[in-house]
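Visitor: Residue-level listing of the chains:
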Amino acid sequence: MKIIVCIKQVPNTNEVRLNQETGTLMREGVPSIINPDDLAGIEAALLIKDNVGAHVSVMTMGPPQADIALREALAMGCDEAYLISDRAFAGADTWATSSTLAGAAKLLGFDLIITGRQAIDGDTAQVGPQMAEHLRIPVISYAEEINATRDNITVKRQYEDRYQRIQANYPLLITALSELNEPRYMSVGGVVNAYEKEIRTLTYEDLKAYVSQENIGLKGSPTRVKKSFTKQPKGKGELHQVSDDESVSIIIQKLKEHHIL
Amino acid sequence: MSQSKDVLVFCEQRDGILQKVSLELLGEGRKLADTLGQNLVALLPGSGVENLCSTLIAHGADEVIHVDHPYLGDYMNEPYTKAMTAVLREGNYEIVLIGATAIGRDLAPRVAARVKTGLTADCTSLEIDGETRQLLMTRPAFGGNILATIICPEHRPQMASIRPGVMLAPVQDNTRKGIIRSFDANLKESDKNVIILETVRAAKKTKDITEAKILISGGRGTGKEGFAVLENVAQLLGGQVSASRAAVDEGFAPKDRQVGQTGKTVRPQLYMACGISGAIQHLAGMEESELIIAVNKNASAPIFDVADVGIVGDMHKILPKLITRLEAIANE
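First to last, the protein sequences are chains A and B.
Residue numbering for the first sequence follows the working numbering, beginning at 35 and increasing consecutively.
Residue numbering for the second sequence follows the working numbering, beginning at 120 and increasing consecutively.
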């Protein structure tokens, strides 16, 4: 079985802080990590490899320095890594990103593709389902549990108020929730191997048989960012530093004013 | 693109029950349609849900497109995608709105990919540009640290998903008139490309926090015992308990109670934050609440930047006293 895992290198948004004076993002020193949902995707693929046997390729679209994320995936036990990187891919929104990734998937061949549900820097959750559409294969998103055999796969698919067990045949795309599993650590042997393995870079030249120039980069992106800005904080309210009893009285008073009591 | 017109809202139902976000989007869609001088169309896929059509009209729809088919009972990606795509291709809509639920976030991207148009996820505000008449879709990015306004200049429809609880549902008006139209999406057996083995509805002990009018919320500093106290306060006020991500990570509260960027967006009448410092990701999920009361020991906690009423103090001491007072009021 051939599995492709799509990952994204993201800034750890939990560590991003705003400069209160200038209102700008302080990105300096913010570490890059493998997106948490994607990390669960890697682990899910490696579990299938452990249990039923599979060849696991990991790929990411991004700048050259995203190879660190790929090395980490190799160190966890992935077999091959691909960096999809070319100026021609720059400025892609989810539409163009997914068509590019779909092109790479066609080039590599696959039975199963696993992506994370969403990346913590964009939070769109669009690339996985859109990739499935470009490949004309079924998608099961929000996977909480995966049971794969050589013939088919059963996924526990999470909704807000329910879950479903869904069975599907290959080829198929699954989007993984970070709740899916506990990703393994990189092994010492794995780290050594990871640096011996080659990360292959795929440029537009490599993919052009599988994706049209109309469908990549800025040109292939229906959306544009018109502007971005930092949020205006809501006006500061009143702040009280009084005794516990007085605090309680203030709360009661406010609840009455707002007809909650 | 020049002929595109009308605003379409995808109306989600589960087991024949309309999801609240659908009504919220009809409210927002009505505003956009009025600004453009166009109609508001509600798309209702399902199986045997015709009875919901009049509710959609009462909440602002001029027309309801009802796609009824047994394959549209339980949500499945491909039949829904096919049905929605067929409706969009027939109508050439200007704008399409869809709730950013676990269904909407599965369906909308696939539909947008199929019809080749842009989709902006989790928008928090929508506006029509006075000059270009384009839809300005504003959404948080980078973990809620920045906001970006996205446009879709050359493709139609302009698609946006909106999280539940972000927009206000309009007041129901049963005197409104509208057209109800059946649509045949020509679904086939082969469209069911996966097999749903079972659907398990999670036993809902508590209301979804996005539907709660009053939320009493705790953080890392609240502690396991502290959450029991919050439960007590919530009961006395007729509300629900919610939590920050840190509290969920610590296991003090289940994941479905989480407010914030990676949890749920809430806008209750009262949001009382107890022992929550207010990481920006948390603020992103609750700052639109009508009244925010924050109790925190640290006077410089960021939660106080968004609180209407900030109390610098120890929730473990203040809340028990508050409970005593609330009990006294209840017995009056």
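One should not assume that every hint holds.
Stated by the list, open to error - With a straight-line Cα cutoff of 30 Å, these simulated DSS-like cross-link-like pairs (lysine-lysine) come out:
{"no.": "1", "chain 1": "A", "residue 1": "Lys-83", "chain 2": "A", "residue 2": "Lys-261"}
{"no.": "2", "chain 1": "B", "residue 1": "Lys-332", "chain 2": "A", "residue 2": "Lys-36"}
{"no.": "3", "chain 1": "A", "residue 1": "Lys-270", "chain 2": "B", "residue 2": "Lys-332"}
{"no.": "4", "chain 1": "A", "residue 1": "Lys-242", "chain 2": "B", "residue 2": "Lys-235"}
{"no.": "5", "chain 1": "B", "residue 1": "Lys-332", "chain 2": "B", "residue 2": "Lys-235"}
{"no.": "6", "chain 1": "B", "residue 1": "Lys-235", "chain 2": "A", "residue 2": "Lys-288"}
Because the hints were derived from the structure by calculation, they are not lab data.
Visitor: Which of the listed hints are not met by the structure?
Guide: Of the numbered hints, 1, 2, 5 and 6 do not hold.
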